[in-house]
Amino acid sequence: MTGGDLAHAQTAYVRPAPERGGGRRLIYPGALVLAALVIAPLLLIIASWLDPQTEVWRHLTETVLGRLVLNTLTLAVGVSSGVLVIGVGLAWLVSMCEFPGRRFFEWALMLPLAIPAYVSAFVMLGLFDFSGPVQTLLREFFGPHGYWFPEVRSGGGVIAVMVLALYPYVYMLARAAFLTQGRTTMEAARVLGLGPWGGFLRAVLPMARPAIVVGVSLALMEALADFGAVAVFNYDTFTTAIYKSWFGLFSLQAASQLSTLLLLFVALVLLGERRLRGRAHYHAALPNTRAQRYVLTGGRRWLAAGFSGVIFAIAFVIPMMQLLTWTWGVIGTELSARYLGLLLHTLALGGVAAVITVAGALLLAYISRFHRDRLSRPLVSMATLGYALPGTVLAVGIMLTFTGVDRLLSTLWQAMGGATPLRVFSGTVVVLLLAYLVRFLAVAFGPIESGFARIRPSLSEAARGLGATPPELMRRVYLPLLRPGLLTAALLVVVEVMKEMPATLLLRPFGWDTLAVRIFEMTSEGEWERAALPAITLVLAGLLPVIFLVRRSAGAVFSSATGESD
Amino acid sequence: MSRELAGSLDACAGRHQARPRGPFFGTGRGVASVLALMLVLPAVSARADELIVYSERNESLIKPLFDAYTKETGVDIRFITDQAGPLLERLKAEGESTPADLLITVDAGNLWLAAQEGVLAPVESETLTANIPAHLRDPGNRWFGLSVRARTIVYSTERVSPGDLTTYEDLAAPKWKHRLCLRTSKKVYNQSLVAMMLERLGPEETARVVRGWVNNLATEPFANDTKLMEAIAAGQCDVGIVNTYYFGRLQREKPNVKLALFWPNQDSNGVHVNISGAGVTRYAKHRAEAVKLLEWLSAGEAQGAFADMNLEYPANPQVQPDPAVAAWGSFKPDTINVTVAGSRQAEAVMLMDRAGYR
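Chains A and B, in that order, are what the protein sequence lines are.
Using the working numbering, the first residue of the first sequence is number 1, and each one after it goes up by one.
Using the working numbering, the first residue of the second sequence is number 1001, and each one after it goes up by one.
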């Protein structure tokens, strides 16, 4: 029996019957409007092709493009496989096994999420480059040529930094999947005669595949769109060509055209994965934790603890120590009452944006589960691709969309006899929140969609058999079961919004500076040490939602799984 | 099977009833009121006694000056900071309804582009033309340099004697093989340097120089000037090209660093300079006030402070630089109009790409 068969055996089912009725009249058009809003900036960016930039393209293809494509593919493959191995491995260890420190690592391993990749890139480079303390020490002992050290400013260096910054996506999603389905599945696998490895590879992993794919694709999109970390390493990727075309060759058109190729690449990868996955669907068995964790023994328990510890140390402790050291040097001159305002803005924007974005993503996920049709399917797929666009390009697309809407409203207003030009969106915090929605919808959609995918349709059939109305079904069956996914989505969006730079810079109302803006202010002139204070404040602020939500989500899963009340 | 399901379903629902609101959904009302509060906050509307500035120069370098100006004149200044590219797109998109009165950038190329795109308006001011030398402002008076950034040669005092150094072009000579460090060609400072060189030497000679630089590199180009200087200090290379204020900052942190500045091309065109400057927007709502602010920034203490806060050189030759800056000695600057940094920038970028300068 193959793993695929096993997964099927557990999950054989028919496509969920469309659950029509109450709400459709409102929900369906609402979702379409939302999708259209999110897609509008993408369409504007795609429309750049109407203005061909032959000279820029000829130059790029003749000179740098080949190398950039190769570099970008290297980065994509390296980051994807890195986050896959580390994220899934750690998630498996903390959710299925018992070893010293597991309870700590379970939430601590999510913390690196709060450190922006460009910050860890700078810290790592500072420590390990030729002029950094590590190599300086080596030179003192072994002389200038007496030691070997890998080139830090290289593809390998960037990949390492990005994997350490982005693995939490995979870790969180895989962990949620393992917690809701893993142990029962393992039990079934055990009954069928598979050992731990066989059960993991052939039963649990295939069933967690949708969640893992979501995590890897988020990491992939972020790696492709990243400019900050690759710029610190001076590692040229496709994004480099995008910014070179815009800032160097003064062609925003060519930059937009190049960006659309990133979209296309991600769309193809996701489509390919879906093809490979075939028609299999994966639904969780009902949670049941009678099955025990594997209690690791002997050397293996220390190996597990050591692996978790090393990843945690490199991805979180070391960057934090470096930031603390720098902060110590500047705190006297830098810390002021303004930080309270920065912190409040950051938290407020993160919190409100998370609620809006998660609600939007829930709406789209609901539609794509129950009202899948020729219209909604492509709209939803496209609405969740924007994350692959370099932030600054997308920010301009969003800004152009809303100034366009404003102009349209203003024209209407004046046609109706209004005197002054109307400015509804421009310069308000609403635009900024909508910008976050556009940018991070994919981040919220992934965990929610994979949460939906794990709910077997027979549940709702049973509920309806018992007389539940659709709203009741949503409230009493879906929402409770989706809770881990919703919490993951909310956490990811809060943290992402707090770190977000390009859209915040361009669209914030006067005075709405955030910690990320402050970091930009300092790093734009290369003053990284002075950026340490806002950076560390950002990390600490990011820890609040991480710790809070992680504890809640863990509690929710365990209590629903064991039937204990919480 | 279905019985089991229903049973579990009840368990689920029961649990849910016992705790009707999850932590996440329970906060909904609080969040809604925060949102409502945000919505009623007034949108930006320009008042009479205020100025609105879009700035690429960062907050810590402009806010103290704005605060001083407000104290002196009672005019409030509000601003946002971002990179020049997005700010310019925003100005273009907002068109006539832009709230911005003044655009500040840190590179002449960006100001040149803003003028090309028609978002800046000419300013006829005798004060400004008297205070700012002709090569540091737009020939059409649409923008004015406010501080000068010199990009010069830095060398290791342990391994290089200043007598070995002459010009930027000379760094392409074989004697510097594996001894040169450069910052990435993606940084506008290097693009401006090469653009000016193009104007002076023409494309063929410039390409030869840039290829020579690339051949002499000791290691891959750096992401910033500070890292470059640290590499020279650590012995990875001997000589490089940096903006002076980064050197000033490093010197302030590590007074004994074994590096020094060299002023190249003193027998020919002079040291490459760029500016940080500003222009009044075309649809400024407070044009007269914006011009007054520009004039105020171009002279006296304000002009000195504008440069000193970042250890740059004042654009106004009557104003003395910071003592730490003056200690590096005086030099002859390149007096080709900085407009060239913009008009030949794309050409320079393409040339560097072809030369394999990353």
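You may find that some hints are simply not true.
[Said to hold, decoys possible] Listed next, the stretches of chain A that the computed footprint assigns to chain B, with coverage defined by at least 3 CB atoms under 8 Å from CB atoms of chain B:
#1 103-114
#2 155-162
#3 226-237
#4 241-249
#5 382-391
#6 495-506
[Unchecked claim] Quick list of in silico lysine to aspartate or glutamate cross-link-like pairs, DMTMM-like style, CA-CA up to 25 Å:
#7 B/1285 - B/1158
#8 B/1258 - A/527
#9 B/1071 - A/334
#10 B/1175 - B/1164
#11 B/1254 - A/527
#12 B/1258 - A/51
#13 B/1092 - A/55
#14 B/1258 - A/140
#15 B/1258 - B/1289
#16 B/1254 - A/55
#17 B/1254 - A/140
#18 B/1332 - B/1205
#19 B/1092 - B/1126
#20 B/1092 - B/1289
#21 B/1292 - B/1076
#22 B/1063 - B/1308
#23 B/1063 - B/1220
#24 B/1063 - A/55
#25 B/1332 - B/1301
#26 B/1092 - A/51
#27 B/1063 - B/1238
#28 B/1254 - A/236
#29 B/1063 - A/51
#30 B/1177 - A/527
#31 B/1254 - B/1238
#32 B/1177 - B/1158
#33 B/1063 - A/529
#34 B/1254 - B/1267
#35 B/1254 - B/1308
#36 B/1177 - A/151
#37 B/1332 - B/1238
#38 B/1175 - B/1076
#39 B/1071 - B/1096
#40 B/1285 - B/1170
These aren't lab readings, by the way, just hints derived from the structure by calculation.
Quick caveat, the model's predicted, so the values are computed rather than measured.
Cβ atoms here follow ideal geometry from the backbone N, Cα and C, with glycine treated the same way.
Structure-based check of each hint:
no., hint, in the structure
1, 103-114, "violated (count 0)"
2, 155-162, "violated (count 0)"
3, 226-237, "holds (count 5)"
4, 241-249, "holds (count 6)"
5, 382-391, "violated (count 0)"
6, 495-506, "holds (count 3)"
7, B/1285 - B/1158, "violated (56 Å)"
8, B/1258 - A/527, "holds (21 Å)"
9, B/1071 - A/334, "holds (23 Å)"
10, B/1175 - B/1164, "holds (10 Å)"
11, B/1254 - A/527, "holds (15 Å)"
12, B/1258 - A/51, "violated (52 Å)"
13, B/1092 - A/55, "holds (23 Å)"
14, B/1258 - A/140, "holds (18 Å)"
15, B/1258 - B/1289, "violated (47 Å)"
16, B/1254 - A/55, "violated (46 Å)"
17, B/1254 - A/140, "holds (20 Å)"
18, B/1332 - B/1205, "holds (23 Å)"
19, B/1092 - B/1126, "violated (29 Å)"
20, B/1092 - B/1289, "holds (22 Å)"
21, B/1292 - B/1076, "holds (13 Å)"
22, B/1063 - B/1308, "holds (14 Å)"
23, B/1063 - B/1220, "violated (37 Å)"
24, B/1063 - A/55, "violated (41 Å)"
25, B/1332 - B/1301, "holds (24 Å)"
26, B/1092 - A/51, "holds (17 Å)"
27, B/1063 - B/1238, "violated (38 Å)"
28, B/1254 - A/236, "violated (31 Å)"
29, B/1063 - A/51, "violated (40 Å)"
30, B/1177 - A/527, "violated (30 Å)"
31, B/1254 - B/1238, "holds (18 Å)"
32, B/1177 - B/1158, "holds (17 Å)"
33, B/1063 - A/529, "holds (20 Å)"
34, B/1254 - B/1267, "violated (32 Å)"
35, B/1254 - B/1308, "holds (19 Å)"
36, B/1177 - A/151, "holds (20 Å)"
37, B/1332 - B/1238, "holds (24 Å)"
38, B/1175 - B/1076, "violated (56 Å)"
39, B/1071 - B/1096, "violated (30 Å)"
40, B/1285 - B/1170, "violated (50 Å)"
In this structure, the earlier hints numbered 1, 2, 5, 7, 12, 15, 16, 19, 23, 24, 27, 28, 29, 30, 34, 38, 39, 40 are contradicted, and the remaining ones agree with it.
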